[in-house]
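Since chain A is already given, all that's left is putting chain B with the ligands on it; use the hints.
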Amino acid sequence: MMRAWLTQHGFVFFLTLRRLIATPLTSLLSIIVMGIALSLPAGIYVLMQNLQAFSGQMADSPQMSLFLKLDTTQDSIEKVNQRLEENPQILSVRFIPKDAALQQLQQSSGLTDIAASLGRNPLPDAFVIHTQENTADALEQLRLTLQKWPEIEHVQFDSAWIERLNALLDLGRFAVLMLATLLSVAIIAIMFNTIRLQILTKRDEIELSKLIGATDSFIQRPFLYFGALQGLAGGATAWLIMVLAIRTFNEQLITLSQLYAIDLQLQPLTMMDSISLLLFSGWLGWLGARISVASHLWQIEPK
Amino acid sequence: MIIFKNVSKRYPDGYVALNNVDLSVASGEMVFLTGHSGAGKSTLLKLIAAIERPTSGVITISGQNIAQLKPAAIPYLRRKIGFIFQDHKLLFDRTVFDNVLLPLQISNFDHNTVAARVRAALDKVGLLKKEKAMPIALSGGERQRLCIARAVVHRPAILIADEPTGNLDVEYARDIMALFTSFNQVGVTVLIATHDASLLEDTQHRILSLKQGKLAT
Ligand SMILES: Nc1ncnc2c1ncn2[C@@H]1O[C@H](COP(=O)(O)OP(=O)(O)OP(=O)(O)O)[C@@H](O)[C@H]1O
Ligand SMILES: [Mg+2]
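For the record, the sequence lines run as chains A and B. The numbering used here numbers the first residue of the first sequence as 1 and each following residue consecutively. The numbering used here numbers the first residue of the second sequence as 304 and each following residue consecutively.
For reference, chain A alone in the conformation it holds in the complex (with noise of 0.2 angstroms):
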């Protein structure tokens, strides 16, 4: 029974790549252009795993800037820096002298004359830490908290940008949503009029079998594996063309990582990625076949 069952569909699976191969260059073509619709969202969706992985990164452990008062004295400075080193909030703590902070000053900006012109230095003593928590919110408790310290004049930090990329991941994420959506049902769509155009030309094979004893699910199979696998097909050229696009990207990429010397390379698809996509797209051929059959083949009654 088992044996019965597994020649059988070992068989339909065949007969449908012989029907696929038969036809090469409209398989050719369906298969191209599915696979070029479902790139487009997997390529933006592996766009924003990757600006999400960096704003992770860059997130990871918020920094802050403490700005002391101009008139603090050495004793209050290791007392505030004390302070913050026993704060459980706070996971680094580096302080930065105001003559250290002039010497970066001239160094990168070229302005020696005018720092030397001053005559004294303009600039605080502050200090950098980097906090525990990566909340905007808990963020924002700290800098209110640290800001009421009498030696502290100003505290600043940026999560404003972290915000705002995340509000944009969000804006993101829904595009993807919303286009995976659309180019899911033009697919569904290609294969219901691909899989109509087959029964239209397969009637007289249709109702012949219909005629000797085949049961309905014995002549749907083979439509409903043809939707299944150019569907896969599709989802292996997608995958296909993802990954010569980032590889390409990244050779780009690499030019200019090495100019700003900061690491910048795409992430490729990770293998639950890649299996969820060929799984996705073999289940909308299949589906688009499925509602193609379910609506064509009842109307070819045998007489």
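These aren't lab readings, by the way, just hints derived from the structure by calculation. What you were told as hints is all true, and nothing was included just to trick you.
Over the 10 angstroms line for every Cβ pair with chain B, so calculated as not near, a few chain A residues:
#1 Phe13
#2 Ala53
#3 Phe54
#4 Thr73
#5 Glu78
#6 His130
#7 Trp149
#8 Ala180
#9 Leu183
#10 Ile190
#11 Glu251
#12 Leu253
Some but not every residue of chain A turned toward chain B, in silico, with C-beta under 7 angstroms:
#13 Glu205
#14 Leu208
#15 Gly213
#16 Ala214
No more than 20 angstroms apart at the CA atoms, straight line, and that leaves these computed lysine to aspartate or glutamate pairs for EDC-like:
#17 Lys514/B <-> Glu466/B
#18 Lys202/A <-> Asp390/B
#19 Lys69/A <-> Glu151/A
#20 Lys383/B <-> Asp216/A
#21 Lys435/B <-> Glu205/A
#22 Lys373/B <-> Glu301/A
#23 Lys392/B <-> Asp204/A
#24 Lys373/B <-> Asp216/A
#25 Lys202/A <-> Asp401/B
All C-beta atoms in this analysis are idealised placements derived from N, C-alpha and C, irrespective of residue type, glycine included.
Just chain B with the ligands, lined up with the frame of chain A:
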């Protein structure tokens, strides 16, 4: 084996093709069905295979009331029957071999034996040498025999032939009749519809005669 009780068939356009038909065909019997064109021969045969459903009456095949058969059960009824259609219904996009293969494919036959079965059926009707030919390249008589091979390849209990000698000359028709007789001799119930009187001249088999949808006795 086949029993009709008060069977009537009215087509959707209102035409009554069969009117209160009673008949019974025993297992292993060979019966001719004759009558003028439009008498309802094809209609009667189609009712047996549930290709058409009766408007009223009861049709029993091997004890099964097929008027009440669920759609899902119809394929299994049809697999018990070998049907030779009046309009042949050959598939012209595949070889003679593949045409005969189809009934085995739809009913999950063991892959190792199908080829042998197809060749046996083709051999029986004398078409073994043409297995790779396309149906378009066959003569009328050869096509008819191809239909027969396709109808018997799955060894049905009932063989139904609708005008199997349609446009064939007398000699060819006799050959084909001899084929049917040989199937009947191995126990197959055979039902043949024909308006070819010459076929019926010297037969010892029962002849049912339809006139305007009524069975004449
Ligand atoms: N699907 C249909 N719809 C309406 N009327 C039909 C249909 N099929 C057959 N008929 C009518 O029913 C009558 C019987 O048809 P049927 O095909 O059974 O005749 P027949 O005895 O097989 O004739 P022939 O010897 O020409 O094949 C005919 O008058 C035909 O016009
Ligand atoms: Mg007829």
